[in-house]
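*Asks:* In the order they appear, the protein sequences are chains A and B.
Mind the numbering: the first sequence is residues 1 to 405 in my numbering, read in order.
Mind the numbering: the second sequence is residues 1001 to 1282 in my numbering, read in order.
No wet-lab data here; the hints were simulated from the structure.
Don't take each hint at face value.
What the hints assert, rightly or not - Pairs of lysine to any residue residues, derived as SDA-like cross-links and limited to a Cα-Cα distance of at most 25 Å, are as follows:
id	chain 1	residue 1	chain 2	residue 2
1	A	K175	A	S274
2	B	K1197	A	R224
3	B	K1220	A	N191
4	A	K175	B	A1079
5	A	K114	B	S1190
6	B	K1206	A	P33
7	A	K175	B	G1066
8	B	K1170	A	L21
9	A	K175	B	K1246
10	B	K1166	A	R111
Listed below, chain by chain, are the residues.
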Amino acid sequence: MSAPTLNSFRTGPDETGHFGLFGGRFVAETLMPLILELEAAYEAAKVDPGFASDMASYLAHYVGRPSPLYFAERLTEHCGGAKIYLKRDELNHTGAHKVNNVLGQILLARRMGKTRIIAETGAGQHGVATATLCARFGLQCIVYMGAVDVERQKPNVFRMKMLGAEVVPVQSGSKTLKDAMNEALRDWVTNVENTFYCIGTVAGPHPYPAMVRDFQCVIGREAREQMLEREGRLPNSLIAAIGGGSNAIGLFHPFLDDPGIEIYGVEAAGHGLSSGLHAASLTGGRPGVLHGNRTYLLMNDDGQITDAHSISAGLDYPGIGPEHSWLHDVGRVNYISATDEEALNAFQMMSRLEGIIPALEPAHAIAKAVEIAAKKPKDHLMIVNLCGRGDKDIFTVAEHLGGME
Amino acid sequence: MTEATTTRIDRRFAAVRAQNRAALVTFVMAGDPDPETSLAIVKALPAAGADVIEIGMPFTDPMADGPSIQAAGLRALGAGMSLRKTIALVKAFRETDADTPIILMGYYNPIYIYGVDRFLLDARAAGVDGLIVVDLPPEEDEELCVPALTAGLNFIRLATPTTDEKRLPKVLTNTSGFVYYVAVTGITGSAIGDYAKIGDAVARIKGHTHLPVAVGFGVKNADSAETIARSADGVVVGTALVDALKGSLDASGKATAGTVEAVAAKVREVASGVRRVAKAAA
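I would like the entire structure built from these sequences, with the hints used as guidance.
*Replies:* So this is what it looks like as structure tokens:
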């Protein structure tokens, strides 16, 4: 299609897995037949009513959906502007939005007869969700996690082990999420027969970005219904944190074709964009090819990938999902960023004002939501995706704040 | 095939076949452990028995490589290697050797950032003959493969045990020079499980193409090279050379007086295995 104006922002990707320039299937030949097999299996599952009813049943009774859309009254009063609603995906079983996607992929893996599940994880939330569903369905589970992240997300490492998963600390490169993904891909290339790679975000080769998005869109579909029920109209703005971008696309996608709605994605600015120590791929990177797709990446002039920096292990990735890169280039979504310090402040503010300890990842979204809400009129309806709870982060935060008295 | 369309790679495989033996294809990482030593190593390869040279373009995130080649890439990058310097290395080699084919092997991002058109122009001018880009399957041929073929470079594709009969024609369509059969599902440096299956796989590929088939992954010494030479037109050795290089470095990872010779000795050893096999006349 070469129409100069877009009728819809929701039709991607094309059949070769591209969102405009972005996406694609940049993988070794060994993996290509596996990716084609996965694509065929997913296409078949999508039109199978049995798959949809299994998903709906487990989402309701195991995950605990729908998650509430909660009016954050004190946060709203504090900002003095827009009416702020929180989409409470931190209340899901396992404590984050990650489980929505993992459930879909594990049910798919079962349909495909795969018995060994591998995953990469940053903050550990995707690893915990994968370990949980593998335990539930009696599947072998191996989670690759950067050695740095193993250290800073100890509670989640322990949870994964309790659930019977093998956690492999990755010592290569920067020892964070990107290296965990490299190692998971190396595992997959080696164990092609019985292994299903459960990717945790809307990145990787086609069909992963589209498939993970589809599984996460339950967030936006629910939020849409809930807001109509509560307020009788659609929200005026949406805001979510972005590492790879799965919670964000899950909230945004069902609203992309509602032109009046302002949409904000918040990247991690680490020590500040000018410091060079950040994880803001869209703001500070450029298009390149890594981990199976073309997308905005942090790199040097030789095309070597540079290390991302964020206090949040879940956002500490030098890339972003290809659909976000496309939404950035076509201008439908506004991508902004929050620093470590801003996220820490928001973390405390949310804890004290609402009695909700957020994960450091959505704390980035909260930091910007507070700023934007203050400038909006009181009838402006805003939804912030509270995609994870902060139990896993209390040690990191305590370290930065010098302990809690 | 007319003279105008043959490349150094075509000519070298034909010449080796005329000697009734398999070709030895050697892989080293550009800039490992430093640019100067690396050039000396590449220059020493033909005399040690290398028929074709693959030069790795270092990349921070080599998702199909094992620990040895990952570390080689990081040593090179740490010593200031870049794609520009890799092309310069080939140019310097060409000043002393006009015949040995050179293939650049690596990942797409550095080439994409360098700029595909400029890269092809500069690589060809420097004397590069072919490319192997691990993360560009046939589905992405418009990115680099088709422009490379147009520019007169060979594009060598990997075929793997997962490349079935149905997929082989797609993989072979835009392949030229030779076919690189990766004998295992796994990363570089993995051991070959069953040598007996290699012959079958090579025969299967040859049912679809007239190109020579080189086999790699798992060649450690003269004996494993000999075994593969029995069934393939070419034997690829990489990790064993990188390991020999690493073994010659000092405690701080720097080159020593023995580094070039350590790699050359390993090449001679593997070459002796390849040359034990007398192949039927073509």
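*Asks:* Evaluate each hint against the coordinates.
*Replies:* Against the structure, the hints come out as follows:
1. K175(A) - S274(A): Given that 25 Å is the threshold and the Cα spacing comes to 23 Å, the pair holds.
2. K1197(B) - R224(A): Roughly 56 Å separates the two Cα atoms, so the pair is violated.
3. K1220(B) - N191(A): Distance of about 22 Å is within 25 Å: holds.
4. K175(A) - A1079(B): Distance of about 21 Å is within 25 Å: holds.
5. K114(A) - S1190(B): Holds - the C-alpha atoms of S1190(B) and K114(A) are around 23 Å apart, at most 25 Å.
6. K1206(B) - P33(A): Satisfied, since the Cα-Cα distance of roughly 20 Å is no more than 25 Å.
7. K175(A) - G1066(B): This hinted pair holds, its Cα atoms lying about 16 Å apart.
8. K1170(B) - L21(A): holds (23 Å)
9. K175(A) - K1246(B): holds (22 Å)
10. K1166(B) - R111(A): holds (23 Å)
Going down the numbered hints, you'll see the structure goes against just number 2.
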